[in-house]
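Single-letter residue listing:
2 protein chains.
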Amino acid sequence: MERLKLLQQLAIKSTTKMVLLILDGLGGLPMTLKGETELEVAYTPHMDALAQVGTCGLMHPVSPGITPGSGPSHLALFGYDPMLYEVGRGILGALGIGFPLLCQDVACRINFAAKDERGLITDRRAGRIASKRGAELCTLLDKIEIPGVELSVRPIKEHRAVMVLRGKNLSGEIADTDPQTTGAPPHPVRALTPEANHTAQLLEQFLTQANKMLAPHYPVNTILLRGISKYHSFPKMGELYKLRAAAIATYPMYRGVARLAGMDVLSTGETIASEFQTLKEHWEQYDYFFVHIKKTDSYGEDGNFAGKAKVIEEVDSLLPQILELKPDCLAVTGDHSTPAKLKSHSWHPVPVLLYSPSARPDNLAVFSEEECRKGSLGVFPTQELMGLMLAHALRLTKFGA
Amino acid sequence: MERLKLLQQLAIKSTTKMVLLILDGLGGLPMTLKGETELEVAYTPHMDALAQVGTCGLMHPVSPGITPGSGPSHLALFGYDPMLYEVGRGILGALGIGFPLLCQDVACRINFAAKDERGLITDRRAGRIASKRGAELCTLLDKIEIPGVELSVRPIKEHRAVMVLRGKNLSGEIADTDPQTTGAPPHPVRALTPEANHTAQLLEQFLTQANKMLAPHYPVNTILLRGISKYHSFPKMGELYKLRAAAIATYPMYRGVARLAGMDVLSTGETIASEFQTLKEHWEQYDYFFVHIKKTDSYGEDGNFAGKAKVIEEVDSLLPQILELKPDCLAVTGDHSTPAKLKSHSWHPVPVLLYSPSARPDNLAVFSEEECRKGSLGVFPTQELMGLMLAHALRLTKFGA
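Top to bottom, those sequences are chains A and B. Here the first sequence stands for residues 0 to 400, numbered as in numbering that gives the first Met the number 0. Here the second sequence stands for residues 0 to 400, numbered as in numbering that gives the first Met the number 0.
This is chain A alone, in the form it adopts within the complex:
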């Protein structure tokens, strides 16, 4: 039996409360051979105390050696097998802005970009135009009409937008047009299966009209399409685990993937303090809270080791606010590693701690990559965390007699 089915079969309703606190890209690397990671350098007395009384381990985001994007890594945190439940960037983008997707809709990410007179891309982000400008251009493209299909273009942020196609026999099996480099022309719209030819033709028509419309708007005079994908609804966490789940996240993509898993997405402010305040305000209404901290990942991607360590310290200093709520199970971890040394997501396993009255204390000295590998959870795939959280919150009955 697939593990998710087993959890669904064993999950029971309860009044216990769970918090999944994600420091995005938490796992790190030392900058020098004998050095420490971002988490090891950060002063984190509260997390360290939890690593003593909680149970710890290291998690492979998807599978050993695999570096995940934010979609699969979060789906794994929510208990879904990320190799079975795949979701495209376009769908994540649409969900992130709260677009009311229907099953069979096809969505794709749009980047406003600049090309030269020969058609070669000169800037894949058109100078990272302001969000207001991006929204104006979306209003323009949203007017494009293609017979037989309903078309919506919506802004995300800066040069990023999303398009949703609604109609019959649409397919998401189409390659990106984004060449991922400058000095090259965009890739043509290419169907990856014969069934996708119809959708490819629709996108071709859309591109032709969009290029015409954008011609007078230099430095934005073209668009690139990425992550063309079809929406299939997912089994919802509420039904799977018999709980009420809420997400507290500031960035659209994480709100999108939470929505995909069936969570309510709560309004919150931009700071960590305000996210924790939101948690407190909704404490009675939900059983499971996904709290997402973005800045650890952003600093990691920038190669800012000290900045990432500082965000970890900020989260730690505010952690007592969560502990005061007395969660029955609190998991502190990341969705993947983003070592400042590599300036990118990576495959390195992520430290995780589970704090719960029912946890077996691992008595680790601190919360760190090195200590967590001595933890009693061992090294395991992220998708197993959800079941461990349910277990520690006493929300799973016995399997078999």
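Just so you know, not all the hints are guaranteed correct.
Repeated chains share a single entry, so a pair holds when one copy, or any two copies, can fit it.
To be verified - Here are the simulated DSS-like cross-link-like pairs (lysine-lysine), alpha carbons at most 27 Å apart as the crow flies:
| hint | residue 1 | residue 2 |
| --- | --- | --- |
| 1 | Lys-241 | Lys-397 |
| 2 | Lys-373 | Lys-340 |
| 3 | Lys-33 | Lys-16 |
| 4 | Lys-325 | Lys-342 |
Just so you know, the hints here were simulated from the structure itself, not pulled from any lab data. Nothing here was measured: the structure is a model prediction, and the numbers come from that model.
On the provided structure of chain A, position chain B as indicated by the hints.
For chain B alone, coordinates are given in the frame of chain A:
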């Protein structure tokens, strides 16, 4: 999705270099309760230094408790699921000597053996006859003709040979005739499925003629058939992982399994030093090198604890020659354990170290079975190693958005 498919989807071309250094049968056992293993006794300052700055773990060759032969254990090292990609000993033997197999060929290993007048086997290896004598006898048997099938008999080494059948509707589903003991008659040729009856009859005819031919050649007066198996081509490492792969191995079987995985097999000398020299000479031509050290396993099988430890020391003393080449990822491990205490292959998990600039340092004291179980890779199946090597060599793109 199967992991191999995922790796294929994510692998990218790159200029980075990988080395898989296999000490065959590396894992060991202490001879006494409070003793140390072969690896722990051996003086290995270079491997110990790598265990400090690299990332380590223990690998199950196939699945916990399963003792593998050399075929499955090496296929797992190359990233293939050894339970999906099965390959018989006959096929491995034919590949090992470079026999140009075609799909649907059936191959089997031959042992020249001695029997008494009652037909009972007295020596399963006919006194380990010289390779030259074995080759002469193969020339003899190669003359046997069976209507409707093309038949080739080729020497491997000493008493070992291989036969290949080429024809229509052949099957590899036939039991060994080797009784695996002396004082017993050979097993009859027995088809394991109805479809294999035809091939069993062909082998029966071959055996009758071979026994007649060998009658005057005592101590060799019969043959035993083992590992009868059919050739199916494998997906090649070059296509799977987008790299150029080469094998450096002195024994035919390892050259054979490398060839099956699509590697180029390089000419090399018999010593470890000459194998390392071959690596150096071909450094620019390939991206992935499989370097195979046989003697650790041979001494293990002989129960020679000190001999095995000494080979480990020899490899360690030559290790700087590999490090000078500055591989982007070096894995040092074994294909399985061959504890001198057991005088055979075993199921015990094998220590592994990954040395790479992108590895998270585990700061282990030494490279040993005991230290490796504290490593951040945990205990994992061997078939996951290939993906980890590709990741550390920065040869995998991100999974999902």
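Hints the structure violates: just list their numbers, smallest first. Result: no hint breaks.
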